[in-house]
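There are 2 protein chains.
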Amino acid sequence: MSTRESIIHLADQLIRDQGYNAFSFYDIAKTLGIKNASIHYYFPGKTQLGIAVIKEQSRRFNVLKQAVADKRPAEQLRAFAHTYAATRQEERICIVGSLASDLHTLDTETGQSLALFAEEVIEWLETVLEQGKKLGDFTFAVPTRTKALLIITNLLGGLQLTRLTQPQDFYTIAETIIQELSPVQIKENNT
Amino acid sequence: MSTRESIIHLADQLIRDQGYNAFSFYDIAKTLGIKNASIHYYFPGKTQLGIAVIKEQSRRFNVLKQAVADKRPAEQLRAFAHTYAATRQEERICIVGSLASDLHTLDTETGQSLALFAEEVIEWLETVLEQGKKLGDFTFAVPTRTKALLIITNLLGGLQLTRLTQPQDFYTIAETIIQELSPVQIKENNT
DNA sequence: GTCTATATTCCGATAGAC
DNA sequence: GTCTATCGGAATATAGAC
Numbered sequence: 010m011s012t013r014e015s016i017i018h019l020a021d022q023l024i025r026d027q028g029y030n031a032f033s034f035y036d037i038a039k040t041l042g043i044k045n046a047s048i049h050y051y052f053p054g055k056t057q058l059g060i061a062v063i064k065e066q067s068r069r070f071n072v073l074k075q076a077v078a079d080k081r082p083a084e085q086l087r088a089f090a091h092t093y094a095a096t097r098q099e100e101r102i103c104i105v106g107s108l109a110s111d112l113h114t115l116d117t118e119t120g121q122s123l124a125l126f127a128e129e130v131i132e133w134l135e136t137v138l139e140q141g142k143k144l145g146d147f148t149f150a151v152p153t154r155t156k157a158l159l160i161i162t163n164l165l166g167g168l169q170l171t172r173l174t175q176p177q178d179f180y181t182i183a184e185t186i187i188q189e190l191s192p193v194q195i196k197e198n199n200t
Numbered sequence: 010m011s012t013r014e015s016i017i018h019l020a021d022q023l024i025r026d027q028g029y030n031a032f033s034f035y036d037i038a039k040t041l042g043i044k045n046a047s048i049h050y051y052f053p054g055k056t057q058l059g060i061a062v063i064k065e066q067s068r069r070f071n072v073l074k075q076a077v078a079d080k081r082p083a084e085q086l087r088a089f090a091h092t093y094a095a096t097r098q099e100e101r102i103c104i105v106g107s108l109a110s111d112l113h114t115l116d117t118e119t120g121q122s123l124a125l126f127a128e129e130v131i132e133w134l135e136t137v138l139e140q141g142k143k144l145g146d147f148t149f150a151v152p153t154r155t156k157a158l159l160i161i162t163n164l165l166g167g168l169q170l171t172r173l174t175q176p177q178d179f180y181t182i183a184e185t186i187i188q189e190l191s192p193v194q195i196k197e198n199n200t
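Chains A and B, in that order, give the protein sequences. The first sequence begins at 10 in our numbering and counts up one residue at a time. The second sequence begins at 10 in our numbering and counts up one residue at a time.
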């Protein structure tokens, strides 16, 4: 991994761990064993680094998208949810949730880049849900976009809320999302 | 409103607008027409101010709780969701989402105070859902705590995600949460 | 209670040598 | 590409006068 890639990777981890306004160039520099000023060689300012992080997340999302494109909708959704579960295990949150929380402190470009990425994710999830419904794999009684919003907010919010409760709460949320889409629901006693 | 109360109120607004690590004592001081140092008279440090904000949110939550205690579960839930809708209109997010995003930069006490508040909200929502089910006002097929987690993450995450899309998306989310609990669902065509 | 003044630390950023 | 050195600014916090 190049220095540039390492910087982006670390910035991403720091943003999703501590928040955009809490991490510093020095945090990255000390980990990489370089100096503060070297980061400015790759990124003129914090804004450009932030945007690079968003673009990298978008790139990785598209890699996932392609990797599961031929699979069943249920499996696509499970792969998607799994990336959040992995994030939960790291005690981090997702990039959209982290930067949306700090939105009013970000440059316009950063906010636009983030909004673009969020819409990418929503629209992909919409197509997965739509396909699942057509195939009879999914059942849901609200508009597709609404269902997509509900699922994403469950995952995004779940990463944050369950930092305050227990990790298990997140896995319960993720499993429930998938179970509730199943057309064959075994209705059990629930206490 | 006393100076102390004004400070807490402004800190709350700033935390939910810009984030804990982005607001400064000066932001509050200039609005109140006082000096930086005066805030330290009321709160020794930022940590104590942050905790006071959480406690005030908890107090106001309990006021709401008492105000709707005699009403039907559906109306209690609607009043709860309405506070989030009002927050959405201000372009802010909820205190739990904001501080949970910054959790790893907060003092232990602040984190504990926040976790306590989050659990208060979850448990109250559980009792409302449970009552609604007993009365036949609500239908849901997952454990009560799970349903509470799903609803709260929809609202918490909705405030953040819809900063990037449109305000209407949030209202759709909030309305859908309530509609989906209704035992008499008119299943319409959904595209 | 509120002020002035200041201490201290940290951060993003830049100039210029190597 | 990476460094040293430094600038300018901002933030939390404290001491002490009024």
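Just so you know, the hints here were simulated from the structure itself, not pulled from any lab data. One or more of the hints may lead you astray.
When chains are identical, the list treats them as one kind, so a pair holds in a single copy or across two.
Cut-off 35 Å, straight-line C-alpha distance, at most; resulting in silico cross-link-like pairs (DSBU-like, lysine-lysine) [unchecked claim]:
| # | residue 1 | residue 2 |
| --- | --- | --- |
| 1 | Lys142 | Lys44 |
| 2 | Lys39 | Lys143 |
| 3 | Lys44 | Lys55 |
| 4 | Lys55 | Lys80 |
| 5 | Lys80 | Lys44 |
| 6 | Lys74 | Lys143 |
| 7 | Lys80 | Lys143 |
| 8 | Lys44 | Lys64 |
| 9 | Lys39 | Lys64 |
| 10 | Lys142 | Lys55 |
| 11 | Lys142 | Lys74 |
| 12 | Lys64 | Lys80 |
| 13 | Lys80 | Lys39 |
| 14 | Lys39 | Lys142 |
| 15 | Lys143 | Lys55 |
| 16 | Lys55 | Lys39 |
| 17 | Lys80 | Lys142 |
| 18 | Lys64 | Lys143 |
| 19 | Lys143 | Lys44 |
| 20 | Lys74 | Lys55 |
| 21 | Lys142 | Lys64 |
| 22 | Lys64 | Lys74 |
Predicted model, so just to flag it, every value in this text is computed and none were measured.
Hints and how they fare:
{"no.": "1", "hint": "Lys142 / Lys44", "verdict": "neither (53 Å within a copy, 60 Å between copies)"}
{"no.": "2", "hint": "Lys39 / Lys143", "verdict": "neither (52 Å within a copy, 58 Å between copies)"}
{"no.": "3", "hint": "Lys44 / Lys55", "verdict": "both (15 Å within a copy, 30 Å between copies)"}
{"no.": "4", "hint": "Lys55 / Lys80", "verdict": "neither (38 Å within a copy, 50 Å between copies)"}
{"no.": "5", "hint": "Lys80 / Lys44", "verdict": "neither (45 Å within a copy, 61 Å between copies)"}
{"no.": "6", "hint": "Lys74 / Lys143", "verdict": "within (19 Å within a copy, 43 Å between copies)"}
{"no.": "7", "hint": "Lys80 / Lys143", "verdict": "within (14 Å within a copy, 41 Å between copies)"}
{"no.": "8", "hint": "Lys44 / Lys64", "verdict": "within (24 Å within a copy, 42 Å between copies)"}
{"no.": "9", "hint": "Lys39 / Lys64", "verdict": "within (24 Å within a copy, 37 Å between copies)"}
{"no.": "10", "hint": "Lys142 / Lys55", "verdict": "neither (43 Å within a copy, 50 Å between copies)"}
{"no.": "11", "hint": "Lys142 / Lys74", "verdict": "within (19 Å within a copy, 39 Å between copies)"}
{"no.": "12", "hint": "Lys64 / Lys80", "verdict": "within (25 Å within a copy, 48 Å between copies)"}
{"no.": "13", "hint": "Lys80 / Lys39", "verdict": "neither (42 Å within a copy, 57 Å between copies)"}
{"no.": "14", "hint": "Lys39 / Lys142", "verdict": "neither (50 Å within a copy, 55 Å between copies)"}
{"no.": "15", "hint": "Lys143 / Lys55", "verdict": "neither (45 Å within a copy, 54 Å between copies)"}
{"no.": "16", "hint": "Lys55 / Lys39", "verdict": "both (17 Å within a copy, 27 Å between copies)"}
{"no.": "17", "hint": "Lys80 / Lys142", "verdict": "within (15 Å within a copy, 38 Å between copies)"}
{"no.": "18", "hint": "Lys64 / Lys143", "verdict": "within (32 Å within a copy, 49 Å between copies)"}
{"no.": "19", "hint": "Lys143 / Lys44", "verdict": "neither (55 Å within a copy, 63 Å between copies)"}
{"no.": "20", "hint": "Lys74 / Lys55", "verdict": "within (29 Å within a copy, 43 Å between copies)"}
{"no.": "21", "hint": "Lys142 / Lys64", "verdict": "within (31 Å within a copy, 45 Å between copies)"}
{"no.": "22", "hint": "Lys64 / Lys74", "verdict": "within (15 Å within a copy, 43 Å between copies)"}
The structure does not agree with the numbered hints 1, 2, 4, 5, 10, 13, 14, 15 and 19 stated previously, though it agrees with the rest.
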